[in-house]
Structures are given as structure tokens and as C-alpha cells.
Amino acid sequence: MKKKAVLELFKSVLIALLLLSTLTIQKATACSDDETDCRGCLVKRMKYDCPSCVPRLRCMAKCLWSGKARLKCVKKCDCNPGYPRMSDCKKCLSKCRCSCTS
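According to mature numbering (1 follows the signal peptide of the UniProt record, and there is no 0), the stretch in the sequence shown is residues -30 to -1, 1 to 72, in order.
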């Protein structure tokens, strides 16, 4: 009876360790510890894949840093009816997947 209880305890500890190791591996592959990866990805996307977004994003950055509300900044910087819209720029840059928070 005691042997069976020890075996059950061993199995449950082993399962818990397997689950923890799986979660650790998934987090490690999802996000890089190197912050330059994210920066490099954004720079590359702005330079090659969505260069037309640079003026709009600069406008947004200046507006937000001046303390205005996001909605006002979007209206101010997205007033030009041409392409790309702010939503297009967001889609273009979101491919970098830089929002790795723990």
C-alpha cells in the first residue's frame, strides 16, 4: 500500500515537472531576451516593407509625446485620405510581434 502511494506521488510530481518544462519552452521560443531583435524588426519593416508609414508614425509619436489623447492623435495624423491608413501601418508593423511581456 505504501509503495503504491509513493508511486502515485512520483507520477504526479513527474507530470507537474513536464507541464512546467513545456510552459518554459513555449515562453522561451515566443520571445527573445535580446531587445535588439524587436528593434531590428521594426527598423527593417519601416525601411523596406512599409516606408510610407514613417510620416504617419512620426506624427503619432510627436502627438502622443506632447500629451494628447490617442483618439485626437489618430484623427490628426490620419486625416489624409490616401494610402496607407493608420490601420494599414499597424498591420504592417504588427508582424514583428514585439509585445513580449512576462
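Quick caveat, the hints were computed from the structure, so don't treat them as lab data.
A hint or two may mislead.
What the hints assert, rightly or not - DSSO-like mimics (lysine-lysine), calculated; alpha carbons at most 30 Å apart, straight line:
| # | residue 1 | residue 2 |
| --- | --- | --- |
| 1 | 45 | 32 |
| 2 | 61 | 38 |
| 3 | 14 | 38 |
| 4 | 46 | 60 |
| 5 | 42 | 17 |
| 6 | 45 | 60 |
| 7 | 14 | 46 |
Claimed, not checked - If you anchor each label on the Cβ, the simulated ranges turn out as follows:
| # | residue 1 | residue 2 | range |
| --- | --- | --- | --- |
| 8 | 9 | -29 | 18 to 26 Å |
| 9 | 60 | 10 | 13 to 21 Å |
| 10 | 8 | -28 | 17 to 25 Å |
| 11 | 7 | 36 | 15 to 23 Å |
| 12 | 61 | -28 | 20 to 28 Å |
| 13 | 64 | 35 | 16 to 24 Å |
| 14 | 48 | 17 | 52 to 60 Å |
| 15 | 12 | -27 | 17 to 25 Å |
| 16 | -29 | 67 | 46 to 54 Å |
From a predicted model like this one, the values you see are computed outputs, not experimental measurements.
From the three backbone atoms N, C-alpha and C, an ideal C-beta is built for every residue, glycine too.
Structure versus earlier hints, numbers of those that do not hold, lowest first: 8, 10, 11, 12, 14 and 15
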